[in-house]
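Enquirer: Sequence:
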Amino acid sequence: MEFKIDADRLRLHLKILGIGGSILMLWNGVCDLIYGYSATLSGPAYFSPAVITTVLTADGRPHWVMLLAQTAGWLYPLFALTYFPWWIGMRRAGFWLGTLPVLLLVYALMMIGGIQHAGFAFLSVLEQAKAVVGCTDPNFFDLANRYIIEHFAMGDLTAATALDAGAILLAIGILSGRTIFPRWFVILSPLGTLVVTMGVGVLLPAPAAGYVLAPFGTWFMLVPNIAVTLWLWTHMDLVPKDLIKVSSPT
Numbered sequence: 106m107e108f109k110i111d112a113d114r115l116r117l118h119l120k121i122l123g124i125g126g127s128i129l130m131l132w133n134g135v136c137d138l139i140y141g142y143s144a145t146l147s148g149p150a151y152f153s154p155a156v157i158t159t160v161l162t163a164d165g166r167p168h169w170v171m172l173l174a175q176t177a178g179w180l181y182p183l184f185a186l187t188y189f190p191w192w193i194g195m196r197r198a199g200f201w202l203g204t205l206p207v208l209l210l211v212y213a214l215m216m217i218g219g220i221q222h223a224g225f226a227f228l229s230v231l232e233q234a235k236a237v238v239g240c241t242d243p244n245f246f247d248l249a250n251r252y253i254i255e256h257f258a259m260g261d262l263t264a265a266t267a268l269d270a271g272a273i274l275l276a277i278g279i280l281s282g283r284t285i286f287p288r289w290f291v292i293l294s295p296l297g298t299l300v301v302t303m304g305v306g307v308l309l310p311a312p313a314a315g316y317v318l319a320p321f322g323t324w325f326m327l328v329p330n331i332a333v334t335l336w337l338w339t340h341m342d343l344v345p346k347d348l349i350k351v352s353s354p355t
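The sequence shown begins at 106 in my numbering and counts up by one.
Be aware that a few hints might be false.
[As the list claims (entries may be wrong)] Simulated crosslink set (EDC-like; lysine to aspartate or glutamate; CA at most 20 Å straight-line):
id	residue 1	residue 2
1	Lys235	Asp247
2	Lys346	Asp164
3	Lys350	Asp113
Treat the hints as calculated values from the structure; they're not laboratory data.
If you're wondering where the values come from, they're calculated on a predicted model, not measured in any experiment.
My request is simple: use the sequences and hints to build the entire structure.
Expert: Structural data, given as structure tokens:
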């Protein structure tokens, strides 16, 4: 069955995904900060075991705040829809460099919302409980913490793999020159955004580093979403003609 979309409807979809999606992603950034921000961590410290301690202890934040942070996980199916404009732009690159990377990124976002974003809250459960009632058996506490981390890592394995593979393939597709995007657009792709975010963040001192690096997963979604929306909105003439439904004259 052939897929076609009316030009006006496409603009409406772009507006909804670009504006609405970006607003919801900003809330995801707030939740990321709850999970991973620490005023004491510099850029390099975010790439050290110190960041694990921050996540496990929730940096001392109360239980109700951690519950609040989980709410962004509900939104990831909506975030996955923001890759529809990317599919439009990447379609000319074929299945392997156009469609497959988009499918991988959609899968990754769905998994991240389920296991990773929610999982960060579970990682801090033992430390939250310890802060309230204490712990008299450190061996049990350490083993339980280790098992929770291992379960989190196992559940997140396919999400991380799909995220990396999808971002790399998408970047290769853009660089191939077979998409409607210029090659420099790779900087605004998910991979380019991650590289720039981490490159800038690692150079920052505390407390500024956390504002860049703690919500890195949000930048990964937000920057590409804004970029692809604006590009398609201003370059509708580049959208493959076989996707646009021609309205019959009345």
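Enquirer: Of the numbered hints stated previously, which ones are contradicted by the structure, given in increasing order?
Expert: When the structure is compared with the hints, only number 2 turns out to be violated.
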